[in-house]
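Per our numbering, residue 1 is the first one in the sequence shown, and the count goes up by one each step.
FYI, nobody ran anything at the bench for these hints, they're computed from the structure. In this text the structure is predicted, and so the values were computed from the model without any measurement. Treat the hints with care, as some may be off.
Derived Cβ-Cβ restraints for the label pairs, each shown as a range [said to hold, decoys possible]: (1) H137 - G172: 16 to 24 Å; (2) D45 - S116: 23 to 31 Å; (3) S7 - A124: 30 to 38 Å; (4) D45 - E88: 12 to 20 Å; (5) I153 - V178: 49 to 57 Å.
Only pairs whose alpha carbons sit at most 25 Å apart, straight line, appear in this in silico DSS-like list of lysine-lysine [what the hints assert, rightly or not]: (6) K122 - K109; (7) K182 - K152; (8) K15 - K52; (9) K76 - K91; (10) K128 - K91; (11) K152 - K115.
Idealized CB from N, CA, C, for every residue including glycine.
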Amino acid sequence: GFDISNSNELNLISKYNPEITYNSNPNFEKLLLDENIIYDINNEDDISESIKLKVNISLRLNSDSIVDNTSRFGFKESEVIQLLDTYETIKSLHIHLGTEANSQSHYLKILERLKSMVSTIKSARPFKLNIGGGFTHLSEQEIAEVVAFSQKILPDHTIYFEPGRWVSNSSGIFLSRVLNIKRSKAHS
Numbered sequence: 001g002f003d004i005s006n007s008n009e010l011n012l013i014s015k016y017n018p019e020i021t022y023n024s025n026p027n028f029e030k031l032l033l034d035e036n037i038i039y040d041i042n043n044e045d046d047i048s049e050s051i052k053l054k055v056n057i058s059l060r061l062n063s064d065s066i067v068d069n070t071s072r073f074g075f076k077e078s079e080v081i082q083l084l085d086t087y088e089t090i091k092s093l094h095i096h097l098g099t100e101a102n103s104q105s106h107y108l109k110i111l112e113r114l115k116s117m118v119s120t121i122k123s124a125r126p127f128k129l130n131i132g133g134g135f136t137h138l139s140e141q142e143i144a145e146v147v148a149f150s151q152k153i154l155p156d157h158t159i160y161f162e163p164g165r166w167v168s169n170s171s172g173i174f175l176s177r178v179l180n181i182k183r184s185k186a187h188s
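Please build the complete structure, drawing on both the sequences and the hints.
So this is what it looks like as structure tokens:
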């Protein structure tokens, strides 16, 4: 699957026919009412609208209370539990740890908290759990340990990790050429 945040990204991935796509932009309009697109929801007003439109939705969990992070988006943990109890059709959660701020301990802490949350709700059901932020600072061994831990403590749920730049960080060099230099009297 893919995690997209704008219509250009949607156009780029459309040729691959992904099984699941997360739309993680809270302002991205629901242009395609596609069963394979899961829309991140950041406020309760959007939930009832999305249910009327019969689109798949994911609650965006704000990670600030779980790890040291400054997230602009998402519900507080207590709100998520209440909303999951209220809207049994919601079967997906998305949490973004923040780019560049991730460590193995952050992932383990998030997974433990997600396990606690999904076991707290009244109506037990399998969830799709999208954990974003990228593995930029994790080794392959640490990633393997995070994945194994997730499978152990959340065996009935589907977990998506966003690898971020980990996939491409060491794969190339960026070359550029200066085409124009603007000179001004103040900075000559």
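Evaluation of the provided hints:
One distance hint, 16 to 24 Å for the beta-carbon pair H137 and G172, holds here, with the actual separation near 19 Å. With their beta carbons about 27 Å apart, D45 and S116 fall inside the hinted range of 23 to 31 Å. Separation of S7 from A124 is about 36 Å and conforms to the stated range, judged on CB atoms against 30 to 38 Å. At roughly 19 Å, the beta carbons of D45 and E88 sit within the given window of 12 to 20 Å.
For I153 and V178, the hinted distance range of 49 to 57 Å is satisfied, since their beta carbons lie about 51 Å from each other. The hinted pair formed by K122 and K109 meets the criterion: a straight-line CA distance of about 23 Å does not exceed 25 Å. Simply put, K182 and K152 have alpha-carbon atoms about 58 Å apart, too far for the 25 Å limit, and the pair is violated. For the hint pairing K15 with K52, the CA-to-CA distance comes to about 28 Å; that exceeds 25 Å, so the pair is violated.
Of the pairs offered as hints, the one joining K76 and K91 holds, with about 17 Å between alpha carbons and a cut-off of 25 Å not exceeded. The hinted pair formed by K128 and K91 meets the criterion: a straight-line CA distance of about 6 Å does not exceed 25 Å. A distance of roughly 11 Å separates the Cα atoms of K152 and K115; the hinted pair therefore holds under the 25 Å criterion.
In this structure, the hints that do not hold are numbers 7, 8, in rising order.
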